[in-house]
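Engineer: Using the hints, position chain B with the ligands against chain A.
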Amino acid sequence: MKERILRVLTDYGIVLMLIVLVVYFTISTPNHIFITPLNLINITHQIAINTILGIGMTFVIITAGIDLSVGSVLAYCGLVAADMVKHGLHIGGVTILPNTPVPLAVLEGLLGALVVGGFIGSLNGVVITKFKVNPFIATLAAMTIVRGFAFIYNNSYPISNLPNSFDKLGGGVGGRFMHIPYPVWVALLLVVISHFVLSRTRFGRQVYAVGGNEEASRLSGVNTNRVKLMVYIIMGVLAGLAGVLQAADVSSADPQAGLMYELNAIAAVVLGGSSLMGGRGTILGTLLGALVIGVLNNGLIMLGISDFYQQVWRGVVILFAVLLDQAKIALLARQRRVAE
Amino acid sequence: MTEEAVVPALEMRHISKTFPGVRALDDVSLTVMLGEVHALLGENGAGKSTLMKILAGAHPKDTGEILLNGKPVHIDSPQSAMELGISIIYQEFNLVPYLNAAENIFLGREPRAKIPSFVDFRKMYADAQAIIDRLGVKLNVRTPVNRLSVAQQQMVEIAKATSRKSRVIVMDEPSATLTEHELASLFTLIRQLQSEGVSIVYISHRLEEVFEIANRVTILRDGRWVATEKVADLDRDQIIRYMVGRELKDIIPKAPAAVKEPALRVVHLNRTGVLHDINLTVHCGEVLGLAGLVGAGRTEVARAIFGADPIDSGRIELFGKPVRIHSPESAIRHGIGLITEDRKAQGLILGMAVRENTTLANLAALSRFGFVCRAKEREAATKYVKDLRVRTPTIEQAVQNLSGGNQQKVVLAKWLFTKSKILLFDEPTRGIDVGAKTEIYQLINQLAAEGVAIIMISSELPEILGMSDRILVMHEGRIAGELSRAEATQEKIMHLATGGE
Ligand SMILES: Nc1ncnc2c1ncn2[C@@H]1O[C@H](COP(=O)(O)OP(=O)(O)OP(=O)(O)O)[C@@H](O)[C@H]1O
Ligand SMILES: [Mg+2]
Chain A
2 MKERILRVLT DYGIVLMLIV LVVYFTISTP NHIFITPLNL INITHQIAIN
52 TILGIGMTFV IITAGIDLSV GSVLAYCGLV AADMVKHGLH IGGVTILPNT
102 PVPLAVLEGL LGALVVGGFI GSLNGVVITK FKVNPFIATL AAMTIVRGFA
152 FIYNNSYPIS NLPNSFDKLG GGVGGRFMHI PYPVWVALLL VVISHFVLSR
202 TRFGRQVYAV GGNEEASRLS GVNTNRVKLM VYIIMGVLAG LAGVLQAADV
252 SSADPQAGLM YELNAIAAVV LGGSSLMGGR GTILGTLLGA LVIGVLNNGL
302 IMLGISDFYQ QVWRGVVILF AVLLDQAKIA LLARQRRVAE
Chain B
38 MTEEAVVPAL EMRHISKTFP GVRALDDVSL TVMLGEVHAL LGENGAGKST
88 LMKILAGAHP KDTGEILLNG KPVHIDSPQS AMELGISIIY QEFNLVPYLN
138 AAENIFLGRE PRAKIPSFVD FRKMYADAQA IIDRLGVKLN VRTPVNRLSV
188 AQQQMVEIAK ATSRKSRVIV MDEPSATLTE HELASLFTLI RQLQSEGVSI
238 VYISHRLEEV FEIANRVTIL RDGRWVATEK VADLDRDQII RYMVGRELKD
288 IIPKAPAAVK EPALRVVHLN RTGVLHDINL TVHCGEVLGL AGLVGAGRTE
338 VARAIFGADP IDSGRIELFG KPVRIHSPES AIRHGIGLIT EDRKAQGLIL
388 GMAVRENTTL ANLAALSRFG FVCRAKEREA ATKYVKDLRV RTPTIEQAVQ
438 NLSGGNQQKV VLAKWLFTKS KILLFDEPTR GIDVGAKTEI YQLINQLAAE
488 GVAIIMISSE LPEILGMSDR ILVMHEGRIA GELSRAEATQ EKIMHLATGG
538 E
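Residue numbers (our numbering), protein chains in the order written: chain A, 2 to 341; chain B, 38 to 538.
Watch out, some of these pointers could steer you wrong.
[Said to hold, decoys possible] Under the rule of at most 27 Å between Cα atoms (straight-line distance), these lysine-lysine pairs were calculated in the DSS-like manner:
1. Lys131(A) <-> Lys381(B)
2. Lys381(B) <-> Lys133(A)
3. Lys160(B) <-> Lys329(A)
Since the hints were made in silico from the structure, they are not lab data.
Excised from the complex, chain A in its bound form:
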């Protein structure tokens, strides 16, 4: 019996944690405002960006890598998008398409951000695969370099006064479909796509294989460098997308945007049961991880807990989830012992 309970606890730990948090916040917030549709929609809006980053991070972490540069890439790509929306398509002072009409300019900004994000991701990938730099170090360097460029971009000023049609992308006024903000739809769509990519495609299988045993994968004909390069590009593109959504949400592209976002994304992935050693992880897990973090943040604010204590609680929850995961591994080992 005790075994059973433990089993459920560890198998569905993250789901249970989510339920416990939701129930607790529902009961304890004044007038149960936590559970109102408006607030629930708010939560999904708040976690959309972390979910998108978490998706990319899941790919990276399954290959036993890590990407610390995503927060900086987010900020930089937000600036790129805002700049292009305002000043047209241009590369390094050479204007290609000036003064495009607004809807087209928004598209240009979005594409620009995705391309730049993917490009930075590919640089990370090349440094990691060709020059064999440890991913932690490589992306740590990228994190500060790209952040530096974000400040240089507009003399450390944010780019504001963005057209309304751009702001809508962030899910604010007019930026909703069936009451749900656009970024939430985007995140959902990406969850579905990436889930299928990871679980059903050849590429997905190779991602797991590389994380499970890189040399054995290489000798099985998997182009391990290409797989790794790809996951960093995916991560970069998603960070670029997140940058656009973030800038649109606050109607301003800020070089300081996205600080610590990489850590939130990693937290969501790890909460979702991925192993930092590689070879293990799922997108649905990451989604749940992002939900737990989002619910926690929102609930704590609703309860009026001070910012400092919020931080403490966030850390406690992550630690707890990881301990659950450890317990699961230990439990599996014990099951072998007491099997039957």
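Structural biologist: Then chain B with the ligands, alone, in the frame of chain A:
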């Protein structure tokens, strides 16, 4: 030594053990006398390693008891087993890759220097080198373990286990990776340990070794005890009957090749310091044996052909056309497969299922628009599990939970599924039981009959002699000579392999 009169050095009584979905051991007992070499035999997945892991504290047992010198002992961790004087050489290596040989040998018991908590490196290297030299292996103990060949790693494992003061030493397929030369030094070492009163449990699928070194044998089948007898009272056929429960023709069935056009030609291949001017040709339908001592460069030849290692000069022709192979990926695309010798590090993704490992090298055949067709994949995996008789509860079992021999079969399954036209087998029957071995030989013959060109590297001379149409012998990175099937003998191979003219 009359057995009834003395207390056994080790007794394992009524041991049972179940893994999820697998009854690995069912009421198994084992008695080993002082100074005895006791062979533990059985098919792949019979439960030999599991029994020994229980003894070594690596797995807890479900029921049963263990006695040392007649006294019940409680073993609940590798440490407690070690303290009781039980050492084990695991079937799968347990060395720390980035530490050198000496550091591995003395891991956890490094000689202390005069200054507290410092290691006396000079003494450590000297002692380690002495142990290694005594084993008759040529290797520098300062070499990191991941740069040693599989056989050298095995010798480091042996050095590590035997250099401890032990009462019982378990050797789980120590010889699987060794050539005759190292095997001889291992046997010398075993005899010496035996005369010092150490008891040895020896697991192997090579029965000749059992007859040579063991006093008694215990045979397991499907997790159950079948028999314990003196080796002198048994013959080969009886042992096999005990193991498989039926008669088995133990001949290597060889259909001589109807040699066709050349499939693969290697011309003046060089890799500085490793391979020197390698020239060879394999024809469709032919089995080319590659013999030589450990470190002679056989694996390196296979890896070079397969694009796993860069080459400095030379060229490779496939079916008469020169090709550039710069990665395993391109080799596979050209229809070449390499069955690697080290399954744990190079052959398998241990955490993945049997199904996923089987299909990894040929996912393209199962995919449409990049999506893997699950039904087809399951079908393929199921087919190979059945064809090769892989003992696994389901195709979803993680390969790390399979017995060593069954893991090897999964590696074979993966390469059979690529339907390659040229297959390079590097020690294909390593760790495979007698019954399954015959099946694999049949399989190789069948592939050859279908026109596949095969290069087979093996350290087992009878295997090389029995299976090959032609034999190339390597010595220190060069091809020392070629022997036809008719003229080849063990002596001639050894003569060439040791550098004789
Ligand atoms: N950790 C594990 N989890 C689940 N099943 C296991 C585990 N370890 C071993 N088994 C199963 O227990 C059985 C016995 O395995 P064991 O490794 O003892 O066989 P073996 O006799 O050593 O075979 P081989 O000759 O191939 O090494 C096999 O069916 C194997 O699949
Ligand atoms: Mg075994």
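Engineer: Could you work out which earlier hints the structure fails to respect and list their numbers in ascending sequence?
Structural biologist: 3
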